[in-house]
Amino acid sequence: MSKAYLPPIGMLAELTHRCPLQCAYCSNPLELLKANREMSTAEWLALFEQAADLGVLQVHLSGGEPTLRPDLELIIAGLARRGVYSNLITAGVGIAEGRFQKMADAGLDHVQLSFQGAHAATTEKIGNHRGAHEKKVETASAARRAGLPLTINAPMHRHNMDEVGDFIDLALSLGAERLEIANVQYAGWALLNRNALMPDRDAVERQVRIVEEAQARLYGIMTIDFVTPDYFAIYPKPCMGGWARDAFMVAPDGTVLPCHAAGTIPSLTFPRFGEGEGRSSLSEIWHDAPAFNAFRGTDWMLEPCRSCDRQEIDWGGCRCQAMALAGNAAATDPACVKSPLHARMAGLIDEAMTAHAAGTDSFRYRRIGAIGS
Amino acid sequence: MVEIRQRILLWEGAKPKLRRHVRLHYDPVRSAWALLSPERVFWPNEVGLDILRLCDGEHSFAAITTSLAEQYEAPQEAIAPDVGAFLQEWSDRFLVTL
Numbered sequence: 001m002s003k004a005y006l007p008p009i010g011m012l013a014e015l016t017h018r019c020p021l022q023c024a025y026c027s028n029p030l031e032l033l034k035a036n037r038e039m040s041t042a043e044w045l046a047l048f049e050q051a052a053d054l055g056v057l058q059v060h061l062s063g064g065e066p067t068l069r070p071d072l073e074l075i076i077a078g079l080a081r082r083g084v085y086s087n088l089i090t091a092g093v094g095i096a097e098g099r100f101q102k103m104a105d106a107g108l109d110h111v112q113l114s115f116q117g118a119h120a121a122t123t124e125k126i127g128n129h130r131g132a133h134e135k136k137v138e139t140a141s142a143a144r145r146a147g148l149p150l151t152i153n154a155p156m157h158r159h160n161m162d163e164v165g166d167f168i169d170l171a172l173s174l175g176a177e178r179l180e181i182a183n184v185q186y187a188g189w190a191l192l193n194r195n196a197l198m199p200d201r202d203a204v205e206r207q208v209r210i211v212e213e214a215q216a217r218l219y220g221i222m223t224i225d226f227v228t229p230d231y232f233a234i235y236p237k238p239c240m241g242g243w244a245r246d247a248f249m250v251a252p253d254g255t256v257l258p259c260h261a262a263g264t265i266p267s268l269t270f271p272r273f274g275e276g277e278g279r280s281s282l283s284e285i286w287h288d289a290p291a292f293n294a295f296r297g298t299d300w301m302l303e304p305c306r307s308c309d310r311q312e313i314d315w316g317g318c319r320c321q322a323m324a325l326a327g328n329a330a331a332t333d334p335a336c337v338k339s340p341l342h343a344r345m346a347g348l349i350d351e352a353m354t355a356h357a358a359g360t361d362s363f364r365y366r367r368i369g370a371i372g373s
Numbered sequence: 001m002v003e004i005r006q007r008i009l010l011w012e013g014a015k016p017k018l019r020r021h022v023r024l025h026y027d028p029v030r031s032a033w034a035l036l037s038p039e040r041v042f043w044p045n046e047v048g049l050d051i052l053r054l055c056d057g058e059h060s061f062a063a064i065t066t067s068l069a070e071q072y073e074a075p076q077e078a079i080a081p082d083v084g085a086f087l088q089e090w091s092d093r094f095l096v097t098l
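Residue numbers (our numbering), protein chains in the order written: chain R, 1 to 373; chain V, 1 to 98.
No wet-lab data here; the hints were simulated from the structure.
We put the beta carbon where it would ideally sit given N, CA and C, even for glycine.
A few of these clues could be false.
To be verified - Some, not all, of what chain R presents toward chain V, calculated at C-beta under 8 Å:
1. LEU45
2. GLY147
3. THR151
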């Protein structure tokens, strides 16, 4: 007998792993799927219908680069028919003229555009793509011309942290309603490149001061959301708002996971959406899949979480970070000051600084087939 | 050219309107009205909903408080400060335009 859980509100759909950029901070898994593993248009549409039935109100269309899917307009229209809010998360490179108008006509609600740097040279270096910055500026303007609201996303790390003030000016100049300054979280390719991405403490402190000053100065002018860096934290983030609590994600091949890095937890097997042998409906997955129930609520918690009064504030933090740093997905996220392994975070910052000083911290760019099968 | 942007302050003649990226949506699964925005879903209470429904770009702030005063059988000057604070906050959070 399955227990009835509250319905999910949000869903991240990684429509494809293909991407024109090769950012070393990407949170996608190291084993990227090729195009022939992606679900068809009909499968995605069926998934979104079931998601709406289940209670999903908001879908983030991401990847890889979602605009590489020629059926994106059909997918957006499918969501719009059900009143589901659609947010396109794009790198904004190589999008054909007129595509934004088509997406707007199909019912797209919002565009989130990433910038790897506030300056062209940084954007090119991080994404390993020539001319990327100018293309992104043009993309912002195309989204605007189509009447679409815009968030600029700035993933922060050592190589662009000192540009934070310029990111704020850039977002203002592009007419964005919102700027998301998000310190890189070390999952997937970012974990592989941790030593090359980790900022030093002074840079983090400068960044926090600049962002807090801008948030006050731009109150009512532009919203700035700030995702602070885990490794410098006292308490962990409520990752995904709690495991399988109000959101989930779907990989290009229809594998459904509680978060985008959950595949790194070896004890869990993740269900595939679909019909037929070995596939499940979204409702079966949400309510019954053992991987979804593994860390739901608070019953699974160990000490110090088990007796902590913050357990329903941060839900123990990130399970994948616990796996990566504590070797146990049920452990307290070492980002928490109460974790016996909290000092390891500081040790990893020092390790990155040493690697940087020794010049052994070069990027491993994200490429399909570069690692794994 | 960079557009000069500044914070907008509510005035009597302002005609608040839900922003394009914000949508009121009746959710049959939870039997409740949700306000959908890029990263968040809000669950406005009954009073909030009544205000938001009048944010249609046609009712002025003054007309909104008149209408709500009738609905709630309360003096307009008693509700205007709360309604004004609500609209200013939602404008500052980029949910309505003034």
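Hints versus structure:
At a threshold of 8 Å, the smallest CB-CB gap from LEU45 of chain R to chain V is about 19 Å, leaving the interface hint violated. The interface hint given for GLY147 of chain R is met, as the beta carbon of that residue sits about 7 Å from the closest beta carbon of chain V, less than 8 Å. Hint status for THR151 of chain R relative to chain V: holds, with the closest Cβ pair at about 6 Å, below 8 Å.
The structure shown violates just one earlier hint, number 1.
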